[in-house]
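Peer 1: Residue numbers (the working numbering), protein chains in the order written: chain A, 3 to 149; chain B, 3 to 149.
A few of these clues could be false.
Computed footprint of chain B on chain A, listed as stretches where at least three residues anywhere in the stretch have a Cβ under 8 Å from a Cβ of chain B [to be verified]: (1) 46 to 54; (2) 71 to 84; (3) 87 to 97.
Calculated pairs, DMTMM-like style, for lysine to aspartate or glutamate (alpha carbon to alpha carbon, straight line, at most 25 Å) [unchecked claim]: (4) A/Lys120 <-> B/Asp48; (5) B/Lys117 <-> B/Asp32; (6) A/Lys117 <-> A/Asp48; (7) A/Lys120 <-> B/Asp88; (8) B/Lys120 <-> A/Asp88; (9) A/Lys117 <-> A/Asp88; (10) B/Lys117 <-> B/Asp48; (11) A/Lys120 <-> A/Glu108; (12) B/Lys117 <-> B/Asp148; (13) A/Lys120 <-> A/Asp148; (14) B/Lys117 <-> B/Glu98; (15) B/Lys120 <-> A/Asp48.
Interface residues of chain A toward chain B, partial, derived using beta-carbon atoms under 10 Å [unchecked claim]: (16) Leu8; (17) Leu12; (18) Gln21; (19) Leu61; (20) Trp109.
The hints are simulated quantities; they were obtained by calculation from the structure and are not laboratory data. Think of the CB as a built atom: it goes at the ideal place given N, C-alpha and C, for glycine as much as any other residue.
Protein chains: 2
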Amino acid sequence: MDPVLLEEQLHSRIPLSRQLGARVAEAGMDLVRLTAPLELNLNHRDTAFGGSLSSLAILAAWAWLYLASSSEGFHGRIVIQHGAMDYIAPVAGDFEAVCRRPGTAEWNEFRETLKRRKRARIELRAAIHSGGRVAATFAGRYVALDG
Amino acid sequence: MDPVLLEEQLHSRIPLSRQLGARVAEAGMDLVRLTAPLELNLNHRDTAFGGSLSSLAILAAWAWLYLASSSEGFHGRIVIQHGAMDYIAPVAGDFEAVCRRPGTAEWNEFRETLKRRKRARIELRAAIHSGGRVAATFAGRYVALDG
Chain A
3 MDPVLLEEQL HSRIPLSRQL GARVAEAGMD LVRLTAPLEL NLNHRDTAFG GSLSSLAILA
63 AWAWLYLASS SEGFHGRIVI QHGAMDYIAP VAGDFEAVCR RPGTAEWNEF RETLKRRKRA
123 RIELRAAIHS GGRVAATFAG RYVALDG
Chain B
3 MDPVLLEEQL HSRIPLSRQL GARVAEAGMD LVRLTAPLEL NLNHRDTAFG GSLSSLAILA
63 AWAWLYLASS SEGFHGRIVI QHGAMDYIAP VAGDFEAVCR RPGTAEWNEF RETLKRRKRA
123 RIELRAAIHS GGRVAATFAG RYVALDG
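Just chain A, same shape as in the assembly (with noise of 0.2 Å):
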């Protein structure tokens, strides 16, 4: 999918997106890479705030799924159910969040599960970079629910 495209989707459809200034560097089947500005997201320390980083592996995980289940033609409800975060290193600088298509036997049984039941979930992961290093990694649980 065009970047240009998938953002201006996040940025009408979630505005929030927009005020972390997520910006879409890639986004393709085999992963999608959104970027952040430090200076949107500062905290008390003068790195990057926690909540930022979540929102911005979350909005990753959920475009990931939205554009391989687009490419299915599913075009029904996609929603978090359960999402972790471990923060590994303070933030410094600019980041971005990248999540990467799960393995072939989860995507399938999801698809699968979908087609069938109208309804599946999958478990997605995401990463945080900053600096040339992992500074948080994300998991996060979605379902999508057709109609």
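Chain B: place on chain A using the hints.
Peer 2: Chain B only, in chain A's frame:
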């Protein structure tokens, strides 16, 4: 603490809290209660964005620990290490995050460890309420570091 003062601190030190529309409704040793309007936090389904719920919960727990540890004379860093959020129901209106003081034994252990080792961890819980029900629950592990 004066809720207005805490709110000013949040807005000036963590600018995203202002973008979320976070307001401090109650700020004390028993609980911190933050509110936010749906309007600034919409997602693609016209309910609240998961990242906004997560951010408000992270702020509420951080603010509680900040107030409680300040009252003990602690003025070091407070950092989130891990956060997990269960999204139970869609949030279709304004919402609030409530963090209550943990159990006395946990709090005492945290205080004593912090005094002895200049570093201590504590698990805090917060709940997102909207429309009279609990819409999400949060558990966060925070570390306080002296100096």
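Peer 1: Of the numbered hints stated previously, which ones are contradicted by the structure, given in increasing order?
Peer 2: 6, 9, 10, 14, 16, 20
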